[in-house]
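Chemist: Below, each chain spelled out in residue letters.
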Amino acid sequence: MQTVENLSQETFDRCCQRLVNARPLVHCMTNDVVQEITADVLLAAGASPAMIIDEHESADFAAIADALLINVGTITEKRLCAMNLAIEAANKKSMPWVLDPVASGLLPWRDQQIAHFLSLRPTVVRGNASEILNLAGQGKGGHGVDSTDSSDDALQAAMALAKTRGIVVAVTGETDFVTDGEKVLSIAGGDVMSTLVVGTGCSLSALVAAFCACNDSALEASASALQMAKRASEMAAQQSKGPGSFHPAYLDALYQIAREHV
Amino acid sequence: MQTVENLSQETFDRCCQRLVNARPLVHCMTNDVVQEITADVLLAAGASPAMIIDEHESADFAAIADALLINVGTITEKRLCAMNLAIEAANKKSMPWVLDPVASGLLPWRDQQIAHFLSLRPTVVRGNASEILNLAGQGKGGHGVDSTDSSDDALQAAMALAKTRGIVVAVTGETDFVTDGEKVLSIAGGDVMSTLVVGTGCSLSALVAAFCACNDSALEASASALQMAKRASEMAAQQSKGPGSFHPAYLDALYQIAREHV
Amino acid sequence: MQTVENLSQETFDRCCQRLVNARPLVHCMTNDVVQEITADVLLAAGASPAMIIDEHESADFAAIADALLINVGTITEKRLCAMNLAIEAANKKSMPWVLDPVASGLLPWRDQQIAHFLSLRPTVVRGNASEILNLAGQGKGGHGVDSTDSSDDALQAAMALAKTRGIVVAVTGETDFVTDGEKVLSIAGGDVMSTLVVGTGCSLSALVAAFCACNDSALEASASALQMAKRASEMAAQQSKGPGSFHPAYLDALYQIAREHV
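Protein chains in written order, with our numbering: chain P, 18 to 279; chain S, 18 to 279; chain D, 18 to 279.
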């Protein structure tokens, strides 16, 4: 059985400092629902977001960006084409890119696209338990875009997926796990209120991309992004009365953590 | 003349309890402006939103959803095609769907699409007074997406529309009215600040869809959704200093009302 | 050398009063990321936003609107086509329109489109220093969508651009400048926190359009919009702990300034 380790405070601090100092440019190709929160999360955490979506310029922009996010939430044929061009540009210069396989396992056409993206070897796949179980061939589908499985149940699937594909897999939930197929880092904490604010998961994938842009270890970078989000969620939960006030408090908390690492 | 009744507290509580317990999956095909607030409103109120927009998968997703929202705010030809497929899937399994005829009466092409959707017999049409007057053939157009008529003035038009089409019509404004052409339920209250936050109307249509998913009477379900929004607006107005702080307070209030009905 | 003047309180008050009383209908054709904040800023400030994006109806809507915003943040071929039709309708009736040249200087295809829009003679171009320097042929490109130049450095370029094109140019940053090529108005103040909330710049271009709709002098109208935003930022900064709480506080402040001018 694998040994599950915690992310050290030292590694977290180092990864955060690098993010804040580098201010990486993150090319976000994400769904229509979470564009604003994704940009706001990156800005609060110290990164620089840009959403360039058209096939005429997605490769050009990927070529000058520091990391790329591919999120399939509201894909269309046009958007897929632009995403493929951006991924090609990213792979050409070995730039890290993150795949967020929203609702994997529910819809055949989408699953085809996700399988194709997976074959292009993302640096990291970040998903919920139902999504990761499905990618590992063990899925039974979530409740729409929400998971019906626990992250603990998906850990073995995440490890198998990481090993087979030679990538890092992050499965998030009550406890988050990040694995490269050998090592496993776990991140506890957070708050359930984050599940009632749309885009906390999707924007987390963008944050993973930002951290990967300025740290060589995608495992540690991803774990640091998840850790930052978990801590910000805890801080926000103490300041809020519901999901409405949680949202701005979460952004304030990310900003505060970033400021502590200048 | 019709008798206008109030929604009973008992019916409201029952409808809310069903929503919170069922956590219905609401397929939202809505405009680009209100995606986030629509998802956040559904999550706060206890439902589960998903925005699947492409023609390759809109019917597949409608087939597994519990209700469907069609909002024409930023329609394109591609989006219309995907909407038609989703409606077909919804009608096939007699799943409730709600039509939000944004800016009806202002633009010829849009009015053609709205007329077509109306002919497919939505469970509920939810609009402002100018929109509903126009659908009933008595319109003179609003001020952009805002109404220039009062909901009282649109009540007769709403009843005629409901009767002719065999649907439920909800006309919202200072006082909301819901009618099936025979009975009329009215919902008073709310706060004018909600008109200064984009998407409070559009997300209300999504909430109507969520309530319809778990209650047989579309009349009572719709009235309960409007009631929940009116009460949340009142609560939010007391907590806020302007439209900026009203938005998170409104989501917190919806969440609080939902929690009271677990 | 040019003389730089401040906007007088009297002119600001007059422009604000006209905005609040006229409640202009602003046709926003903007990017996918900032739709919500753009609508919310216009509503808070006393204007009426509508986002009509398709080529079947963009000209029809421009024909009934009071001002038009063209923002190229997430352009696609379809969207460009609809934008051109709207601009044609705007120019036909001499309605003011504002061009926001997001990320000008970074991507060849985008720069072609921006150059084309510029040739159609917008009433106002509103951009950051890197964008304006590029439009004046002196650019070296920004960091993604963010400026790497100061607005002071771009003032000469803004004046040259305004003079050559016969338009008003607003370059925003730590200090904002508005010029018609002869006169220069400067607006100081604001708060750096606004740079950590996505869409504060894009929504400012929409606000410029709203002010231009009800004031004959595009120079004074633009300066008043920038002044309103600067003051709202200062007020919001005092109420907030980070970019999360800044966002609602900024909208509340715009609303408060608008209320003072009823």
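Everything labelled a hint here was simulated from the structure, so no lab data went into it.
Treat the hints with caution; some may be incorrect.
The following label-pair restraints were derived from C-beta to C-beta distances [said to hold, decoys possible]:
(1) ARG138/P - ARG276/D: 19 to 25 angstroms
(2) SER234/S - VAL209/D: 23 to 29 angstroms
(3) VAL209/S - GLU251/P: 32 to 38 angstroms
(4) THR181/D - GLN129/S: 42 to 48 angstroms
Positions of the beta carbon are idealized from the N, C-alpha and C atoms, including for glycine.
Chemist: Check the structure against each numbered hint from earlier and tell me which ones fail, lowest number first.
Modeler: Hints 1, 2 contradicted; others consistent.
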